[in-house]
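Engineer: Take the sequence shown: its position 59, counted from the start at 1, is 71 in the numbering used here, and no numbers get skipped.
Bear in mind the hints are in silico, worked out from the structure with no lab data behind them.
There's no promise every hint is true.
[Claimed, not checked] Okay, derived cross-link-like pairs now, DSS-like style, lysine-lysine, Cα gap no bigger than 30 Å in a straight line: (1) Lys220 <-> Lys103; (2) Lys89 <-> Lys153; (3) Lys135 <-> Lys103; (4) Lys89 <-> Lys103; (5) Lys153 <-> Lys103; (6) Lys135 <-> Lys153; (7) Lys89 <-> Lys135; (8) Lys220 <-> Lys153; (9) Lys220 <-> Lys135.
This structure is a prediction, so every number in the text was calculated from the model and none was measured.
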Amino acid sequence: MIGFRPAATGRIALLAAHCDDLAIGAGGTLLTLCSARPGLTVEALVLSGGGTAREDEERAALADFCPGAGLRLAVLKLPDGRLPAYWEEAKAAVEELRARVDPDLVFAPHRGDAHQDHRGLAKLVPTAFRDHQVLGYEIVKWDGDLGRPCAYQPLAPEVAEAKADLLERHYPSQHGRPWYDREVFLGLARLRGIECRARHAEAFHVGKLTFDLAGG
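Let's have the full structure, built from the sequences with the hints guiding it.
Structural biologist: Listed below in structure tokens is the structure:
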């Protein structure tokens with residue numbers, strides 16, 4: 013059973029293949045959630061970038077994207093773009109996170125992502141977090157793999173702007189990439205907002221969801 017009770021959310025797990033994936037895919041949602049729930053416990057795992065400037069960027073960024081939260085972040089040193097060859101190491105890291113935390117909600121890549129690292133991690137997550145609601149975030153890239161997500165978190169205009177500001181501020185190593193700019197981030201948020209009758213939103217893929225219509 014994959015159940016989710018928003019009112020009971022006190023612990024979340026964040027999983028990413030690369031530094032900046034979480035901020036791009038779910039930064040606005042994290043700002044919204046952590047601001048609304050001071051003291052929220054956030055356990056984050058990033059598979060690559062450890063020991064480099066990318067790790068420093070990620071630590072500073074997530075501290076700002078998770079205001080008021082109890083944040084614990086592990087950034088590993090798996091090679092970027094090589095996750096299939098390091099399957100055992102990635103699997104062990106995901107299992108170790110699961111052994112340490114029983115989250116109310118999980119954020120991770122989704123299986124339809126065209127990047128092999130994102131897709132590989134997405135396949136590993138449900139093998140460890142079997143009874144947890146997983147929201148699969150989306151990341152704009154040249155592959156053109158944006159799909160039809162079915163779950164939305166509306167973002168207040170100031171939150172959408174704050175997300176774009178933090179992405180610009182905290183990840184200078186990515187500024188040279190053609191898809192990494194404010195227009196892209198706000199443009200996708202505006203499109204997802206249209207789909208859920210909001211000004212801006214972030215969208216997520218959901219594999220399974222159970223609910224209780226009787227309210228028991």
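Engineer: Compare the structure with each hint and give your call.
Structural biologist: Evaluated hints:
1. Annotation: proposed proximity of lysine 220 to lysine 103 holds, straight-line Cα distance about 21 Å (limit 30 Å).
2. Among the hinted pairs, lysine 89 with lysine 153 is consistent with the structure: their alpha-carbon atoms are about 23 Å apart, no more than 30 Å.
3. As the CA atoms of lysine 135 and lysine 103 are separated by approximately 10 Å, the hinted pair is consistent with the 30 Å bound.
4. A distance of roughly 14 Å separates the Cα atoms of lysine 89 and lysine 103; the hinted pair therefore holds under the 30 Å criterion.
5. For the proposed pair lysine 153 and lysine 103, the alpha carbon gap of about 25 Å is at most 30 Å, so the pair holds.
6. Of the pairs offered as hints, the one joining lysine 135 and lysine 153 holds, with about 20 Å between alpha carbons and a cut-off of 30 Å not exceeded.
7. Between lysine 89 and lysine 135, the direct Cα distance comes to roughly 20 Å. Compliance with the 30 Å bound is thereby established for this hinted pair.
8. With a C-alpha separation of about 26 Å, the suggested pair lysine 220 and lysine 153 falls inside the 30 Å cut-off, and the hint holds.
9. For the hint linking lysine 220 to lysine 135, the alpha-carbon distance of about 14 Å falls within 30 Å, and the restraint holds.
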